[in-house]
Amino acid sequence: MNHLTDEELMTQFLDRNNTKAFEVLYHKYFVMLAKYLGWLSGNMELGKDIAQSTFLKVLHKSYVFNTKKSFKVWLYVIAKNNWLNEQRKLDRYTNEENTEPSIEEDVFDTNNEADQLQRMNVVLNTLSELHRETFVLKYLDNLSIQEIAETMDCSEGTVKSRLFYAMKNMRSKMKEFKTEYNGKF
Amino acid sequence: MGNFEDRLFELFSHKSFEELTLEEKQEVLKVMTQQEYQENYQMVHEFKNVNDGISMAIPPLELKSEKKVLFLEQSIPIYKAAAAIVIGVLLSISVQFFITQNSKEIPIKQEVTKQSIPLSEENYPKGLVVNL
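Going down the list, the sequences are from chains A and B. Using our numbering, the first residue of the first sequence is number 1, and each one after it goes up by one. Using our numbering, the first residue of the second sequence is number 1001, and each one after it goes up by one.
Hint data in this document are derived by calculation from the structure and do not stem from the laboratory. Yeah, the Cβ is synthetic: ideal placement off N, Cα and C, and Gly gets one too. Treat each hint with caution, since some may be false.
What the hints assert, rightly or not - Here chain B is said to cover these stretches of chain A; the calculated rule only asks that three of the stretch's residues, wherever they fall, bring their Cβ under 8 Å from a Cβ of chain B:
1. 16 to 28
2. 47 to 59
3. 67 to 79
4. 83 to 93
5. 116 to 125
Said to hold, decoys possible - From chain B, some residues computed to sit far from chain A (all C-beta separations above 12 Å):
6. 1048
7. 1098
8. 1119
To be verified - Here are the computed lysine to any residue pairs in the SDA-like style, where the Cα-Cα straight-line distance is at most 25 Å:
9. A:80 with B:1055
10. B:1080 with A:64
11. A:20 with A:43
12. A:175 with B:1030
13. A:61 with A:7
14. A:173 with B:1031
15. A:57 with B:1046
16. A:173 with B:1050
17. A:168 with B:1075
18. A:160 with B:1033
19. A:69 with B:1076
20. B:1015 with A:3
21. B:1030 with A:11
22. A:173 with B:1032
23. B:1048 with A:129
24. A:175 with B:1041
25. A:61 with B:1130
26. A:28 with B:1049
27. A:173 with B:1008
28. A:61 with B:1018
29. A:178 with B:1052
30. A:48 with B:1061
31. A:175 with B:1017
32. B:1080 with A:114
33. A:61 with B:1075
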């Protein structure tokens, strides 16, 4: 079943109620999607939770999927909308609690993987949401420029421009880090 | 340049500056310095390494609970929808027929004679006479 395209697997699931086909898609995309949402939210556990609820939504809405279109793009659009809904809930909660998320840059240990992940988050958080998402989709999720344009509902030129500026800003932030930690990041 | 822009973003994740072909190097140097290219390449690789290092267990997919679909969101085959419409039409016709068959018409008399009799002392109802 692994030789089938994503869209063929969805067709199998929709037409023949072949749950194995859906499981293949789930195993193929779950980690990738969870990490994407984790980078967007700055919290990998939250990313995992949103990825799970995204797949539930995909199941509930599977009958509206157009098998002539890209499953990957459809999945990422649902995931992003799911994250935006979650973000609104979190914003409401943090406003009520009156707390601000803080990242303590001073306590980084350059050899610790968790700290390295946190530093990467700090660098990504210096970007606007659109730039951050574009970078993650391109280099961590390996989507093509065209797929990113479809997912983010913009032109390919806009995607390239966002990538260019995202990388420029990230380079300067990483230089700051490297100066601070004697060449280590 | 348009085509090379696409390739350039791909090259960042695959080749260091030294690994580029002579043609690729020439194209890259038209838009950025060697140092900028190398920094982009290293940055992408550092992010990829951290991303790949994140271990994440895949939770089991619970298809049973996920299959619960709200009544109004359920999709039904076209033949079922068509059958429901046909049944609906047949039922409404038969109900209409039943109603028309069992309706009772109120008979209308064409000639109505006056049956009221003017009251006089002789034909006044005795029950209504009060003897004081």
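Tell me the hint numbers this structure goes against, listed in increasing order. 3, 4, 6, 11, 15, 17, 20, 21, 25, 28, 32
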